[in-house]
Amino acid sequence: MRERWTWRGAFVVAAVGSAVGLGNLWRFPYVVYDSGGGAFLIPFLVALVTAGIPLMMLEFNLGRRFAGAAPLAMKRANPSYEFVGWWAVLAGFGIITYYAAILGWSLRYLWGAFTLEWGMDAETFFYDTVLGISPVLEAGAFGSLFGLSPALILGFILGWLAIFFIVFSGVKGLGRVVMVTMPLPFILILVLMVRGLTLPGAAEGLNFYLKPDFAALANPQVWLAAYGQVFFTLSLAMGILIAYASYLPKDSDIANNSLMTSFADAFTAFISGIAVFSVTGYMAGQLGVPVDEVLASGVGLAFVAYPEAISLMPVAPALIGIIFFITIFTLGLDSAFSLTESVLSAVMDKFNLTRKVAAVLVSGLAFLVGLIFISRGGLLWLDQVDFFINQFGLVLVGLFTCLVIGWGYGAHKIREQINEVSEIRIGAWFDVCIKFITPIVLIVLLALNLIERIREPYEGYPTFMQIVGGWGMMAVLIILGIVFMYIKTKETPYEDEEGEVE
Amino acid sequence: MEASAVISLIVGLVIFGGGFLWSASIASRGKGWK
Chain V
10 MRERWTWRGA
20 FVVAAVGSAV
30 GLGNLWRFPY
40 VVYDSGGGAF
50 LIPFLVALVT
60 AGIPLMMLEF
70 NLGRRFAGAA
80 PLAMKRANPS
90 YEFVGWWAVL
100 AGFGIITYYA
110 AILGWSLRYL
120 WGAFTLEWGM
130 DAETFFYDTV
140 LGISPVLEAG
150 AFGSLFGLSP
160 ALILGFILGW
170 LAIFFIVFSG
180 VKGLGRVVMV
190 TMPLPFILIL
200 VLMVRGLTLP
210 GAAEGLNFYL
220 KPDFAALANP
230 QVWLAAYGQV
240 FFTLSLAMGI
250 LIAYASYLPK
260 DSDIANNSLM
270 TSFADAFTAF
280 ISGIAVFSVT
290 GYMAGQLGVP
300 VDEVLASGVG
310 LAFVAYPEAI
320 SLMPVAPALI
330 GIIFFITIFT
340 LGLDSAFSLT
350 ESVLSAVMDK
360 FNLTRKVAAV
370 LVSGLAFLVG
380 LIFISRGGLL
390 WLDQVDFFIN
400 QFGLVLVGLF
410 TCLVIGWGYG
420 AHKIREQINE
430 VSEIRIGAWF
440 DVCIKFITPI
450 VLIVLLALNL
460 IERIREPYEG
470 YPTFMQIVGG
480 WGMMAVLIIL
490 GIVFMYIKTK
500 ETPYEDEEGE
510 VE
Chain B
100 MEASAVISLI
110 VGLVIFGGGF
120 LWSASIASRG
130 KGWK
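Residue numbers (this note's numbering), protein chains in the order written: chain V, 10 to 511; chain B, 100 to 133.
No wet-lab data here; the hints were simulated from the structure. Every value quoted in this text rests on a predicted model; they were computed, and no experiment measured them. Ideal placement from N, C-alpha and C gives every residue a C-beta, glycine not left out. No false leads were mixed into what you were given.
Listed next, the stretches of chain V that the computed footprint assigns to chain B, with coverage defined by at least 3 CB atoms under 8 Å from CB atoms of chain B:
| # | segment |
| --- | --- |
| 1 | 12 to 20 |
| 2 | 41 to 50 |
| 3 | 217 to 230 |
The list that follows gives simulated cross-link-like pairs (lysine to aspartate or glutamate, EDC-like), each with its CA atoms no further than 16 Å apart:
| # | chain 1 | residue 1 | chain 2 | residue 2 |
| --- | --- | --- | --- | --- |
| 4 | B | Lys130 | V | Asp260 |
| 5 | B | Lys130 | V | Glu432 |
| 6 | V | Lys259 | V | Glu425 |
| 7 | B | Lys130 | V | Glu429 |
| 8 | V | Lys220 | V | Asp43 |
| 9 | V | Lys259 | V | Glu12 |
| 10 | B | Lys133 | V | Asp260 |
| 11 | V | Lys259 | V | Glu429 |
| 12 | V | Lys220 | B | Glu101 |
Build the full structure now, drawing on both the sequences and the hints.
The following block contains the structure:
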């Protein structure tokens, strides 16, 4: 008997928790600023409605209808589709291996926040004290690459222990944990937003974030950025949504649950931008420089720019630092255990393992692989692997999902199944989105990235990194997905569309 | 803060926040949260 969520709210909160991740805080605000400010809301909303929400509905429905994690759900739709599910799960596995390293960084910063250990030079603190990467960069070689950074080992282990015990506790336990790990970062972002808005210079920062530049809408790159942001922010193509929905009862709503999840994610990203840019405006004012000079995104925002801004704060900066890094930790933790659950449930389905055994195997393997990301050169590996998994792995999975399900299985059949159980009926626009709009956008994204990477290696990293953490890794992912498909194991019976047990 | 940025701020809050509240209210009236 498959495990079940205890109530609908637990599923929605878990899905929102998975979707709301670090990208909402450190990617979305910068993309908005860089792609037309307030005007970007138009392409973002269009992309959300024409690609994000339809793909989320599709994934939720696959999990609910076929009661399996991504590979099993795909297999039950059609046995020859199973490899797409494995690609999603393997891409998700790759992401977990480095997410725990980021959890380690945030725990190290949380410890440092009590004394504002980074002072006004968070860059040196991050690269020297936390990562210990400077000797690697200075040597221009990778001799000390595999020496572990002592500052990160404890945080990495603690991060993994948290992930392990959460997935180990099962779906019911997961449902209880997300009631804390999803609302907590949201509330803390609200606190950071209010703190940011009450600082001098906040208005100047928000002008940079939201002042619309409607001319940007004529630039196709802005529209691609919107589709890219929507695709990466909703936890699509990693098997998470399929695995989570597989624990739903058969008559569970799909359309409205997708809407709630998508809008909650977008709203959190939007207010995160207010928290980030108000503080950036304050920092620029204190340093007497233009806002765009102190702007940052990604790792540079969370671990360098924002901590430095915290050091400049007039009242209780240590408290703000503690709040900020608890936010980073909980944002990352939600995403990390949802990814682990996706892999775990796929392994349980395929090899008939108990949850406990699968949790030990998956967490143990991901822990060992992840050690490379807390090595002294771990940041470089993380950057390389993250780029390839996101820009090639996930886009490829999303594209193949649209092709095999939209064109092979039939988008209209998925739509009918969704309408049978949903509070909101969806029309034929869903078929157009799944069969045409989303795959076309993903093909363009994939092609542009391929051309760019063929022209020059990502970030100029050495060839062996490009192979091991890039092209080679992608080849292994593709081949392993097909190999797993051909491994025959005993499958749990399930009811087909006519209600007969197969 | 410039007027156009304020309008963008309000639009963003209304669309995303309103979108969530609207769908959550449908859930409450429809199948409920159980």
